[in-house]
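Novice: Below, each chain spelled out in residue letters.
Number of protein chains: 4
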Amino acid sequence: MIDFSIPEDLVAKRDRVRQWVIDEIIPYETDPRLTQHGPTDGLRQELVEKARAAGLLTIQAPVEYGGWGLSHLEQAVLYEAAGWSTLGPVAMNCAAPDEGNMFLLNKITDAAQAERYLRPVIEGHQRSVFAMTEPDGAGSDPGQLRTTATFDGTHFRIDGLKWLITGANGARTWIIMADLQENPHLPSGPTLFLADGDAPGIVIERVMNSMDRNYVEGHCVVRFDGLSLPREALLGEAGAAFRYAQLRLAPARLTHAMRWLGAAERAQSIAIDHARTRTAFGKPIAEHQGVSFKIADNEIALHHCRLSVWYVAWLLDQGEKARHESSVAKAFVSEELFRVLDRCVQVLGGIGVTEETPVSMLFRDVRGFRLYDGPTEVHQYAIARKVLGGGR
Amino acid sequence: MIDFSIPEDLVAKRDRVRQWVIDEIIPYETDPRLTQHGPTDGLRQELVEKARAAGLLTIQAPVEYGGWGLSHLEQAVLYEAAGWSTLGPVAMNCAAPDEGNMFLLNKITDAAQAERYLRPVIEGHQRSVFAMTEPDGAGSDPGQLRTTATFDGTHFRIDGLKWLITGANGARTWIIMADLQENPHLPSGPTLFLADGDAPGIVIERVMNSMDRNYVEGHCVVRFDGLSLPREALLGEAGAAFRYAQLRLAPARLTHAMRWLGAAERAQSIAIDHARTRTAFGKPIAEHQGVSFKIADNEIALHHCRLSVWYVAWLLDQGEKARHESSVAKAFVSEELFRVLDRCVQVLGGIGVTEETPVSMLFRDVRGFRLYDGPTEVHQYAIARKVLGGGR
Amino acid sequence: MIDFSIPEDLVAKRDRVRQWVIDEIIPYETDPRLTQHGPTDGLRQELVEKARAAGLLTIQAPVEYGGWGLSHLEQAVLYEAAGWSTLGPVAMNCAAPDEGNMFLLNKITDAAQAERYLRPVIEGHQRSVFAMTEPDGAGSDPGQLRTTATFDGTHFRIDGLKWLITGANGARTWIIMADLQENPHLPSGPTLFLADGDAPGIVIERVMNSMDRNYVEGHCVVRFDGLSLPREALLGEAGAAFRYAQLRLAPARLTHAMRWLGAAERAQSIAIDHARTRTAFGKPIAEHQGVSFKIADNEIALHHCRLSVWYVAWLLDQGEKARHESSVAKAFVSEELFRVLDRCVQVLGGIGVTEETPVSMLFRDVRGFRLYDGPTEVHQYAIARKVLGGGR
Amino acid sequence: MIDFSIPEDLVAKRDRVRQWVIDEIIPYETDPRLTQHGPTDGLRQELVEKARAAGLLTIQAPVEYGGWGLSHLEQAVLYEAAGWSTLGPVAMNCAAPDEGNMFLLNKITDAAQAERYLRPVIEGHQRSVFAMTEPDGAGSDPGQLRTTATFDGTHFRIDGLKWLITGANGARTWIIMADLQENPHLPSGPTLFLADGDAPGIVIERVMNSMDRNYVEGHCVVRFDGLSLPREALLGEAGAAFRYAQLRLAPARLTHAMRWLGAAERAQSIAIDHARTRTAFGKPIAEHQGVSFKIADNEIALHHCRLSVWYVAWLLDQGEKARHESSVAKAFVSEELFRVLDRCVQVLGGIGVTEETPVSMLFRDVRGFRLYDGPTEVHQYAIARKVLGGGR
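Chains as they are written, first to last, in the numbering used here: chain D, 1 to 392; chain A, 1 to 392; chain F, 1 to 392; chain P, 1 to 392.
Calculated directly from the structure, the hints in this document are not laboratory data.
Be a bit skeptical, because a hint or two may be false.
Just so you know, same-sequence chains aren't split out, so a pair can sit in one copy or run between any two.
As the list claims (entries may be wrong) - Derived lysine-lysine pairs resembling DSSO-like cross-links, with alpha carbons at most 30 Å apart:
#1 107 <-> 50
#2 13 <-> 321
#3 386 <-> 13
#4 283 <-> 386
#5 386 <-> 321
#6 321 <-> 107
So that you can see chain D by itself, here it is in the shape it has in the complex (with noise of 0.2 Å):
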């Protein structure tokens, strides 16, 4: 039967992982090396140490893995407390986009594979990308990737332009999807395969400044020039990359929005403290409803967020895909929080566009929460058709 009661060693664990980050990781959020393209790499080296020592590194991980094996609700309520600052999944190895990529890579690596690539990403000592989008757009819509990948029977080659790929800089564990050509030994199509990031062929051309600043070593255009795999860099089946995409897509973009909510409810509990200090004509701003009304949106709205988010992960947790349920939560967790943010910007008045809090910072990230993961449009596209019927 429907309920909301979260069970008492969860709420200590949620407790625990709060209070760790607001004690250990919050202090970071000065340190130089949160840079405008994200934490660097030592920064979060750094960081992770912290975690690991903690025991809270990778908690997500199966526990042959070492970690809690957490389901999703658990996942749900735990993210939300170490994303009270958005080094927190950092430190914890819960971020993007490595949470996404170890989630797949343990359901479709074989054993040597996971070996290789997946192991070294969970004990945090090396980082993950997933390089799917270009510049034409091979994001929302796979028709139109551009990356090939021809193959020989014994080496594939991958040439193409990517970008806006995370965390690209630095990362080991490369998850490519590339349009594998016809060719005699495997079927084609849109295809994944696995590298590693000091592999000749992969050419990091640039960082793309951009608004946000969370991910780790920020955003990449990357050029695959002739990159060489053999065989066993083939991840999962040939021709079936965005079926891959779409099992990796509903949890990840799920954390997503867990951890922006624990990062939504940080800036709420800094306007309300702002709210109750500052004073203008003669009293606490809280007094005044122009301000107190945006708290109390503020309020329902993470409220709603919160519990969108809980039902998609139950969903999960009962074996459901979810592609509708989390398209729902998506959009709605994605507009919603972004109207937090801007409340709280407001209620912070001219402090709100600079960076005394991190609250202009958590406006720019979750500004981009709306596009990534399919921009809100796209939800709302495909939420019509599923309503709708198949006639669009």
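Here the structure of chain D is known, so what remains is to put chains A, F and P in place on it, guided by the hints.
Specialist: For chains A, F and P alone, coordinates are given in the frame of chain D:
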């Protein structure tokens, strides 16, 4: 642990209720006795007898009264189904204001009062009234109550003017809020009284024209002109009216949300049908994103309204008063459902403003929901006060 | 050069019109002949005679018909004043659909047609109808016109079903759009015809119940059942109906905006009065920002709606067709004014959904404005096509 | 009479300004001297010299200073054109804060002050600062001014902390607001002073990191540590600082609106280009209404922002103070332009959050516009007070 499953037997009950509403009740939506002032008493009685025959009358009543003794969560599931037509809850005797009145009376009447005033309402033979609101505003703000009660030790005398008194015309069980004046026998202050609708001194001045059309016999202006009541008319404790009003309010506003949710889903289903079949510029309008995105936005909104309702119902079932949480839910659900209805009207185009479908009626009805049970602004105020602390 | 001044004599006329509406017309707002289907013909005739006596009847008519020969900008200023009551334009004979019909007829009738069909409308003795919309949607999309006209060389025969035909009940001057079938005498395609309302073959099937209440005799379902018209009934050129409809549309939708602007200002003035005098929690509700900010938002919206209307009126006075610009203004004004009305309802609280003030009626009326003369989405589509270029 | 025409010579000037910005200034947008703290002084000086060479430097200055003596309406037309790049107004020396400072200094300096502090700013050789805002909030609310000035009859001594002081780093002409303490020589109260940026006692503590990037040298925290100024440093009358600040404010906030309008049009043009050329699901995204309706909404918003600006500019040209009207325009334009930028980001998709186009920078810049020159809420408050009367 967090869980969103609905037991199979409850699913069966829900489906039975919805189907019954579709088969038996929707045909009455074009009955001329559904007037601009809502269903007439006559129509209501006919509907009630249908529900009685189907075993669906007052199912929320305690078992000792012949009901199913529903929990709040069970109500959430079943009222949503009943709300598929606004006449559904009227038939099943779970519409406002009777539903909330029965809830309150069951909590605070003594045995004799229950037998006289509550049982006939539960059995569908009488309707009830909650006479609180006044022209100067004794709705949201208790301090503005102008109706007085004087007490001479044996009788109360009640004088004053009320308006927006829903269903007053023809109701027998009256709950009246009046300001008990200083007297040597009882505590003074806002107090509830029970009266019979045909008592001399209860004068129905007129039925008010209003935008909504779903309340039996509409909303009235009522004058108490020397209404004399015996000591046994005292409902609960003297001076405790606002406490009781609050006791009634959280569940009452939640059941509103449940029923309107069902009504909004009905509107959405009509909009979907229209979008699939109506063509413009050579294709079904469902294939124009200007239309289909509205359908998607509705889907998103309806889903989160349901989660919102379930959460508070669960809290109430845990024995919580849920004042804050029911404010959060009421503000969210009423605003979201209005937007749903507004989009349905827009999808329907010119038809949307006519009564060719029930959508325009629902649009008008739901507009009221943003005002009664506390306007959104009163909830924003209360939520902000809770979140920001006692200082304001 | 850009200038926002209104000449003194126009200010004087504007003030005279508004004062006359306040003094002479507003008292009729509670007349029972203002029904759920709009003002009756009888009420309309009484109002028209009042305007005639005051010298304010059909002031927009060309000077040769006894009008003031108003420019579009002068109409903008004066219709806004007339709109202070929805009965103002009815009385002054500048309400829809007559106002737009007179505009069109004045452009394209020949002398005999004008004398028979236009003059009595200008003089207030007859009402007129523009019979275009059909159940399958021949409103926004010409391709869906189902009503047919056949021509045998001497007579047209018209058959088909129309609905949402405003004011049909009792009107004498009919403009009918029908699809002229292939024939050896005239070009085929959508064509306009003139007819007399009492002609056999014009069957008013029923008046549709609708949300709005300001159109004389409401909206009808009309059947043309072998309506026979002589050759002189041809209005303008055969096959040119959509060109004429467009010719009528830009000014007609603009005059709607003018009148609704005045009505929305009236609602705002009622909300202001309420906010000043109604108290809650110990002070006038005007002192709660939850209320006062809505008043401010209305002030902002109303001001920009006025500028919007003036701009297009000026363009039309320059001889521009202003199709694009009138779409921009219509989409903006209709959406903004609806929000104004919605906020007025909310400021009024419970009273806002009753007919204790005209606000709830205006809320319902303005809801329709977002749909007729092209729903907002059709304007968004047209605007986008203009801005983005011919490719779509 | 109301008129929206722009004289031909002004059209020619406008087109010349825009083309010059496109040809000469936009190439600097990728110059590394456009930093996260805005353009450096060095970049600014290079741009200024380009404008000087083109005869476009400080064109708004009075004719006696070599300017064109522009009316407010002429400014509206030309600043919009200049704003096509945020560097346009920097180059032309009509950017904030210098533009408003020049306006104010021209009104209230004496001849010697003008020669020393105003002329070098007009000539582009110096920058200026308006040092008002303080950490405790002396922006919107004068009562919170903490910086003090004491006067011994010959010298003022100024102590206090300011922040969000735009362009302080490197500026020479300082306008400082301080609370003149009781003294026997001059009236006390908030007072303006002139100072030279290299005076001992002006300490730039740090540059604040902020979301916007268009103000030369960003925003600073500044400490006045015993700053000693001679009697001639008094700017205008003692105790009159808030009157002067208001005098500066209405035109200054309007010129912000003019420039941001141009910038938003630029963003819209980039979004349009993207929508035409980027494809998804087999056609240009411009053919998806989820995209094209955003372009249409932008077109609607931009048009009404322009009308809004023109109206207040016209009022100012009539000699009106236009405090209320400039509040109405500022609240409207800042909120609308932010929505325009937000939609442009969304249309661009993933690129929208990167700096591949200037749109993400403009999005961040315009976010600030909703806060400076009075947050929207302060304008709503002021507008409501004006409309609702003195009672609040």
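Novice: Between residue 13 and residue 321, at a C-alpha cutoff of 30 Å, which is it: within one copy, between copies, both, or neither?
Specialist: Close inside one copy (27 Å) and across copies (28 Å); limit 30 Å.
Novice: When no copy is named, should residue 386 and residue 13 be tagged within, between, both, or neither for a Cα gap of at most 30 Å?
Specialist: Between. Shortest inter-copy distance 26 Å satisfies the 30 Å Cα cut-off; intra-copy 38 Å does not.
Novice: What label fits residue 107 with residue 50 when the C-alpha limit is 30 Å: within, between, both, or neither?
Specialist: within (28 Å within a copy, 55 Å between copies)
Novice: Go through the copies and call it for residue 321 and residue 107: within, between, both or neither, with a Cα cutoff of 30 Å.
Specialist: So residue 321 and residue 107 pass the 30 Å test inside one copy only (14 Å; across, 45 Å).
Novice: Could you place residue 386 and residue 321 in one of the four classes (within, between, both, neither) given a Cα distance threshold of 30 Å?
Specialist: within (14 Å within a copy, 38 Å between copies)
Novice: How do residue 283 and residue 386 come out at 30 Å by Cα distance, when the copy is not named: within, between, both, or neither?
Specialist: So residue 283 and residue 386 pass the 30 Å test across copies only (18 Å; inside, 51 Å).
The structure agrees with every numbered hint stated previously.
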